[in-house]
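S.K.: Make a model of the complete structure from these sequences and hints.
Each chain, letter by letter, is given below.
Number of protein chains: 2
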Amino acid sequence: MSDEYEIDKRNKVRQLCDKAKYDRETVHRILDACMIAHVAFVQDDQPIVVPMICVRDGESVYLHGARKARVIKLLEKNDQVCLNATLVDGLVLARSAFNSSMQYRSVTLFGTPTLLESEKDKLHAMRCISEHLMPGRWNELRAPLEKEIKMTGVIEVPIARASAKVSAGPPKDEPEDYDIPIWAGVLPLTQTLGTIVSDDQLLPGVQPSPIVLAMQNRKL
Amino acid sequence: MSDEYEIDKRNKVRQLCDKAKYDRETVHRILDACMIAHVAFVQDDQPIVVPMICVRDGESVYLHGARKARVIKLLEKNDQVCLNATLVDGLVLARSAFNSSMQYRSVTLFGTPTLLESEKDKLHAMRCISEHLMPGRWNELRAPLEKEIKMTGVIEVPIARASAKVSAGPPKDEPEDYDIPIWAGVLPLTQTLGTIVSDDQLLPGVQPSPIVLAMQNRKL
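For the protein sequence lines, the chains are P and G, in the order given. Residue 1 is where the first sequence starts when you use my numbering, and the numbers rise one by one after that. Residue 1 is where the second sequence starts when you use my numbering, and the numbers rise one by one after that.
Treat the hints as calculated values from the structure; they're not laboratory data. Values in this document were obtained by computation on a predicted structure and should not be read as measured data. There may be inaccurate statements among the hints.
For each label pair, taking beta carbons as the anchor points, the in silico distance ranges come out as [said to hold, decoys possible]:
hint	chain 1	residue 1	chain 2	residue 2	range
1	P	Glu25	G	Asp3	46 to 52 Å
2	G	Arg29	P	Asp57	35 to 41 Å
3	P	Asp179	G	Asn217	28 to 34 Å
4	G	Arg67	P	Gln207	56 to 62 Å
5	G	Val197	P	Thr112	38 to 44 Å
6	G	Val197	P	Lys120	47 to 53 Å
Backbone N, C-alpha and C define an ideal beta-carbon position, used for all residues, glycine too.
M.R.: Pasting the structure below:
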């Protein structure tokens, strides 16, 4: 398997091409850092975009929802889906509005969605989704019931084409603008996990497990 | 003008309907808290989704890009666009994977995009975009050049239909699961602005303005 995704009309980055990357490692790393992706599909010739939890497993991503949800039924029928996962890492404060921008990491991918049918495949994907958001939690939880697995629709999207766009570093101003006596630089933006808030219906004496406590310190 | 957006096939929330809101105030508040939106459109019958900076101005949102960018040319031609802006506020750690979920605020809106033509309208929109991300910064910056305004494509999307979905609060477990001696609760997730990093090409003695310093403490 090539280290890079093939480039065609769909995934070729046209703007700010110097920020484009097509290697699997970069694409995977960004996907793995994102909790949600925005999934676009066509319904009655109209575009629709829906935010969904997204997890990568090898060269596929999994999406899920209620089995009866419109998004699952449409993804099942659509032969093509496009999804984007983006993290904003900072505001780039240049000396002009024109050159002000953002630091970000972004992946766009294309593939043909398929609905997972077997209980084994669905359980595997559901576990991947759970572990992506709540590492280690799956084994502490009450096991999924058969009816819950049935009620869940899981879509696999094998990554057919993908591109990443990564913007980092300081402002890039016009040469003449560096003589303007104005501050310029970067204002970082981070996602931070906070301190857990206990459900007020916990059984007496129940404490958060080491797995839950560790989630608070997870670096996103 | 009604306090609520009209509901039709496009914006009607079908899943978790108890979380749906159609009032302008909620939709506006969520849009105003988001820096980017994910914009979906159709190209050659295929769905595409692109992350874009998004700012609300009354009952419209503005999107922008290079005038020659594919996304601007397509938005100009598409008679319908769908965009979603979502903030994830926390992980809801239930007693089962099935009931584990997220706290979030999300807006989906639909409208017909138009390309702004007049310099006056473009400048107004560009100022709104700048002030949304960098409040107060516009007046400190080197003024936009005519060629910069020409090179920028600004799309206005009047909000024709919109819906919000807000998920907050503790886990909702199955009645029988409350007897399981496992911790449950919420792990908050926040976006935080960090400490500014100065460009290493600042003129000697240039300090960040009070406006830039205030940006660091902005609550998102």
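S.K.: Work down the list of hints and note, for each, if the structure agrees.
M.R.: Results for each hint:
1. Glu25/P with Asp3/G: 46 to 52 Å: 50 Å, holds
2. Arg29/G with Asp57/P: 35 to 41 Å: 36 Å, holds
3. Asp179/P with Asn217/G: 28 to 34 Å: 30 Å, holds
4. Arg67/G with Gln207/P: 56 to 62 Å: Roughly 58 Å apart at Cβ, these two residues keep to the hinted range, so it holds.
5. Val197/G with Thr112/P: 38 to 44 Å: 42 Å, holds
6. Val197/G with Lys120/P: 47 to 53 Å: 49 Å, holds
In the structure shown, no violation is registered for any of the earlier numbered hints.
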